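Q: Construct all of the structure, not just a fragment, from the sequences and the given hints.
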Amino acid sequence: MRLWMLMLCLLPAVSQAFCGFYVARADTGLYNRSSKVVMARDGERTVLTMANDFQGDVKDFAIVIPVPSFIEREQIHVASTAVIDHLDAYTAPRLVEYFDPNPCRRLYRMEMKAMNAAAPGEGAVARAKALGVTVEARYTVGEYDILILSATESAGLVTWLKENGYRLPAGAEAVVGSYLKQGMRFFVARVNLDEFARTGFNYLRPLQVAYETPKFMLPIRLGTLNAQGRQELFFWLLTRRGRVETANYPTVRIPSGQEIPLYVKDRFAEFYRDLFARQVEEHGGRAVFTEYAWNMAWCDPCAAQPLSRSELRELGVMWLTGAPPVRPLPKPRIAPPRPVDVFVTRLHLRYDARTFPDDLRLHQTGDKSNFQARYVLRHPWDGSDDCPEAKRYRSELLPQRLRQQADNLHRLTGWPLAEIYRAMGLGEPPAPEPWWKRLWP
Amino acid sequence: MKDPRHLQLMALAGMLIYGLGWLDFPGPRWVYLLYPVSALALQWLFCRWRGVRFDFRSPLISSLSLGLLLHTDSWLWVLVAAAITIGGKFLIRVDGRHLFNPTCLAIVVTLLLSGRVWVSPGQWGLGAFLAFAAACMGMWIVHHTRRSDITLAFLAAWSALVFARSGWLGDPAAIPLLHLQSISLLVFAFFMISDPMTLPDRRLARIGFAVVVAVTGYVLQYHFHLNEGLFYALAVCTPLVPLLNRWFPGERYTWPTGLAAFRR
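These protein sequence lines map, in sequence, to chains B and H.
Residue numbers for the first sequence follow our numbering, so the first one is 1 and each next one is one higher.
Residue numbers for the second sequence follow our numbering, so the first one is 1 and each next one is one higher.
No false leads were mixed into what you were given.
Label-pair distances were calculated between CB atoms; the ranges are: (1) B:Gly43 - H:Arg93: 33 to 39 Å; (2) H:Ile92 - B:Ser150: 45 to 51 Å; (3) H:Leu177 - B:Glu195: 44 to 50 Å; (4) B:Glu282 - H:Val142: 32 to 38 Å; (5) H:Ala164 - B:Val78: 40 to 46 Å.
Hints listed in this document are in silico derivations from the structure and should not be mistaken for laboratory results.
This structure is a prediction, so every number in the text was calculated from the model and none was measured.
Glycine is no exception: its CB is placed at the ideal position from the N, C-alpha and C atoms.
A: Have a look at this one:
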């Protein structure tokens, strides 16, 4: 029996082939059940790209997406995985390093290094009619067999899908019914094994759909039906005017810019995973987090080069026609003289039916200010000069800063302070002062 | 505190301080100072020009509402919004009183004219929403007059529409509740549509007006997918008010401080 894979939801226990926060030695099981979606939108023109990290038997793969209109063959495309990996790398949370100058010479030397966080049946037609289901079109695009379905009522559609070998999660009928009443059709894709063998790949490539709709939203409700706990979604938006946020949920910038202890360099993936989990809890699980918002022409520091014009077009940036090309920059930390007309927003959410009952309704803001999730490692100066400034640096400034870094790490991730102090070689953390000592100082 | 505007000012200022201090409010901070400063300055200039007494309360309420709802990073559009808010009050007048709700007019015109301004309805979270809803309701109970019936009529009509839609779609109650959980909706119901100077004078006309605005807003928001449908709806429906007042004449409203219609 085919597995039923709903929009943004992978049924089997999928191991992770992607997500943005890996440094070289990161654990590959960082996030479970995650999806990557890119949406390029200008006015009502929309291109949706959906990447999946499906690792099971491809014959078990199926995806169902509500779409706002009939979809022609030419509106469907199969993209390369590399372009999404590039976008992921370009927008990933990053670690930067600074080196303290010699306090005696007051020479300011700064070095910066971005750590790339990239990782890695014909007879059915009559039956369909009897159930009020219309198979509006059948296409084979790349390795996918695609059906465009409409239906007069949800029960008929659900029955038809079950009879055709899809396993449906409980509660699907109500959600399918809601989408049908909103005038939506269903886009069902599964793998054509012959075509898949012909592609020569051992993974499924991202599917793309282009359509026009006044509804600026991403349907996630079907994906929340499986009782497999929370799911992870990475969602990039490519727009013209500015940052995109959700209209029906709070959109929060992830804490950024803090100095953290040097030893986190080797544990960056674990650090960011715990930081994100803590943020999710602090917001009651009901917030969408912005991890990156930047004009697509540049970056500072760059976790990867900005996407080329052809890559942006592949992701559906339809308005770049005739515009000057986006060139990879020889010195990517320097802002180019002219920003391009593409703004990227990277959103990250962890959701289930309780915390995110509704689809993501989006709106574009006029906010073009740049934001990135960036954490700072600061290497102390280790020279042997003995001027008064150097003495003060060693005895006062440095210990104070190390304690501050430990506090930052504790606050961001919830890691125990004692463990952090030990890892930093600072001994035992100061015992918390009893409350009455602050009462009558 | 006879004048309900004092409590309104406190509620709005409280929300704005919370938004700036504890929420991830977008855009530069000076915007939220420039709104009240420019609105007060413009009100003072227009009062001088028209030879009426300057009152800080109404322009301050309008500009704090703008700060809560209308975000931008451009000082020019802050000034444009403030100018529409105050200018619209003094220049667009029918039957001796201003026609449009000042904040609503500024939001609608700037949204239509520029991509540099936007409304962020979902950024507040449940806690802030409930606190602000409680403050608004408390204010309403303490200071309600016959004219405040429009707030309840509007909220009842809007909630009925939102719940009826989700009932028809078969959605769980969490979805309509999420749709009602909007700071924009509270500011709209308690500070905009309730502005007594821009309301029909007779109760039945007022309730009818509230229902027409709710239905128009519903159509704009759910069928034309405009997130700011309610503001457009109020602006579009406002020209009905002088007509309703001609067909159903009633007693004119004045602020409890006894000042004339120019105050707001």
